[in-house]
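There are 2 protein chains.
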Amino acid sequence: MSVIISEGVGGSRRYGRTVSSLTGSISLRLAMSLDGYIADERGGYDWIVPVPSPGLDTTDPLPFEAFLDDVDVVVMGRHCYDQGQHRDYAGLGKRLIVATSSPPAPAPGEGFVEFVSQDVVGIVRAARDAGERCFLFGGGVLVETFLASDMVDALTVSIVPVLLGKGRPLFGGRHPQLDLALTAYAVQDSKVRLVYRRR
Amino acid sequence: MSVIISEGVGGSRRYGRTVSSLTGSISLRLAMSLDGYIADERGGYDWIVPVPSPGLDTTDPLPFEAFLDDVDVVVMGRHCYDQGQHRDYAGLGKRLIVATSSPPAPAPGEGFVEFVSQDVVGIVRAARDAGERCFLFGGGVLVETFLASDMVDALTVSIVPVLLGKGRPLFGGRHPQLDLALTAYAVQDSKVRLVYRRR
Numbered sequence: 000m001s002v003i004i005s006e007g008v009g010g011s012r013r014y015g016r017t018v019s020s021l022t023g024s025i026s027l028r029l030a031m032s033l034d035g036y037i038a039d040e041r042g043g044y045d046w047i048v049p050v051p052s053p054g055l056d057t058t059d060p061l062p063f064e065a066f067l068d069d070v071d072v073v074v075m076g077r078h079c080y081d082q083g084q085h086r087d088y089a090g091l092g093k094r095l096i097v098a099t100s101s102p103p104a105p106a107p108g109e110g111f112v113e114f115v116s117q118d119v120v121g122i123v124r125a126a127r128d129a130g131e132r133c134f135l136f137g138g139g140v141l142v143e144t145f146l147a148s149d150m151v152d153a154l155t156v157s158i159v160p161v162l163l164g165k166g167r168p169l170f171g172g173r174h175p176q177l178d179l180a181l182t183a184y185a186v187q188d189s190k191v192r193l194v195y196r197r198r
Numbered sequence: 000m001s002v003i004i005s006e007g008v009g010g011s012r013r014y015g016r017t018v019s020s021l022t023g024s025i026s027l028r029l030a031m032s033l034d035g036y037i038a039d040e041r042g043g044y045d046w047i048v049p050v051p052s053p054g055l056d057t058t059d060p061l062p063f064e065a066f067l068d069d070v071d072v073v074v075m076g077r078h079c080y081d082q083g084q085h086r087d088y089a090g091l092g093k094r095l096i097v098a099t100s101s102p103p104a105p106a107p108g109e110g111f112v113e114f115v116s117q118d119v120v121g122i123v124r125a126a127r128d129a130g131e132r133c134f135l136f137g138g139g140v141l142v143e144t145f146l147a148s149d150m151v152d153a154l155t156v157s158i159v160p161v162l163l164g165k166g167r168p169l170f171g172g173r174h175p176q177l178d179l180a181l182t183a184y185a186v187q188d189s190k191v192r193l194v195y196r197r198r
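Chain order of the listed sequences is A and B.
Each residue of the first sequence is one higher than the last, beginning at 0 in numbering that gives the first Met the number 0.
Each residue of the second sequence is one higher than the last, beginning at 0 in numbering that gives the first Met the number 0.
These are calculated hints, taken from the structure and not from any lab test.
Glycine included, each C-beta is placed from N, C-alpha and C at the ideal position.
Do not take every clue at face value.
[Claimed, not checked] Below are the BS3-like pairs computed for lysine-lysine, each with C-alpha atoms no more than 25 Å apart in a straight line:
no., chain 1, residue 1, chain 2, residue 2
1, A, LYS165, A, LYS190
2, B, LYS165, B, LYS190
3, A, LYS165, B, LYS165
4, A, LYS190, B, LYS93
[Said to hold, decoys possible] Now the in silico label distances, taken between C-beta atoms and shown as ranges:
no., chain 1, residue 1, chain 2, residue 2, range
5, B, ALA147, A, PHE111, 48 to 54 Å
6, A, TYR44, B, GLU143, 24 to 30 Å
7, B, ALA65, A, ASP56, 20 to 26 Å
8, A, ASP56, B, ASP118, 37 to 43 Å
9, B, VAL48, A, SER148, 23 to 29 Å
10, B, VAL48, A, GLY92, 26 to 32 Å
11, B, PRO53, A, VAL50, 26 to 32 Å
12, B, LYS165, A, ASP56, 46 to 52 Å
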């Protein structure tokens, strides 16, 4: 199944827009409730719990580690950086871009972090067109910016088995229609992971 | 797989609230875009198209006909009735309830239609508690009414491979959290059908 995920993320090989985008891609990987929320009203996640689904679970859960193996560039917003989420990517040999209107001084030992204050879409597009596989980590503003620019090539969405009824929506903004094709899926403990590429 | 769907719909056997709700249930079956819309802004559905997903399709697509075999009572709103959607259920031997504030005169040959102008939730609850398997056909107001009353026992959601970016949301209203467990799934032409029961 990790082979299939590679085909999904690298799907621009066959569906690329330019000759130079031979293997480059821009991908999302997110989790949401069945009714499309990424967090409850207070920002909490305690509704993400394993729920046995005996007889349905797939052999390969399409883990994050296998996804990350196929990533060259990680892009995150300033809030994620301030939460320290960039530290998980130290020493992995990946380019890490933080979108922020006011770049801070680099922290000690964090020379791998690249702050971008203008045209993050253009910079990530250039990386993709140079063949790099870019992962939009989040948060919501960054995701919406790329969806609004019609710049998402692939996405993985894990659907958590709950209707929250209210909360923080994943796809909150208006953006152009993005037609998709399913390239892989996994089931684990009632959570369904769906991998799509742009068609 | 149709056996699994029966377990899902009849899941109240193990999770029932009362001794009398031995096999009764209230179910939904709906389709939505990955970002949670049931129709585009103009009410259109031309975004629901088959998209090949070779190597991923399951043997059993969990078709509507098999679902309907396990239904005793169909419940729909007045707008669906006015569109003539009740006619598909003529002659199937099922009870058909139409929720409406102003019941019309029964049309010729439509004696199987039962108009309910008050407390449709109470009437359907009574049917469920008497052991009947009730299918909430739609539309959105009816679905929201039952979600708000925390009266949904099972739901089947088909996820169409598109981000519409705007449209008519399936789960638009605020309602109590509904914790679910996956009981079956199917993949066909990039559409993923997920069957859940209340846990």
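We went through each hint and held it up to the structure:
A hinted pair counts as satisfied when its Cα atoms are at most 25 Å apart, and A:LYS165 with A:LYS190 qualifies at roughly 19 Å. A distance of roughly 19 Å separates the Cα atoms of B:LYS165 and B:LYS190; the hinted pair therefore holds under the 25 Å criterion. Simply put, A:LYS165 and B:LYS165 have alpha-carbon atoms about 18 Å apart, close enough for the 25 Å limit, and the pair holds. For the suggested pair A:LYS190 and B:LYS93, the alpha carbons sit about 34 Å apart, so the restraint of at most 25 Å is broken.
The hinted range of 48 to 54 Å is satisfied by B:ALA147 and A:PHE111, whose Cβ atoms lie roughly 49 Å apart. Checking the proposed 24 to 30 Å range against A:TYR44 and B:GLU143 shows it holds: the Cβ atoms sit about 25 Å from each other. Between B:ALA65 and A:ASP56 the beta carbon distance is about 23 Å. The supplied range of 20 to 26 Å therefore holds. About 41 Å separates the C-beta atoms of A:ASP56 and B:ASP118, a value consistent with the hinted range of 37 to 43 Å.
Between B:VAL48 and A:SER148 the Cβ separation comes to about 25 Å, which falls inside the hinted range of 23 to 29 Å. One distance hint, 26 to 32 Å for the beta-carbon pair B:VAL48 and A:GLY92, is violated here, with the actual separation near 41 Å. Between B:PRO53 and A:VAL50, the C-beta spacing of about 30 Å keeps the proposed range 26 to 32 Å intact. Between B:LYS165 and A:ASP56 the Cβ separation comes to about 35 Å, which falls outside the hinted range of 46 to 52 Å.
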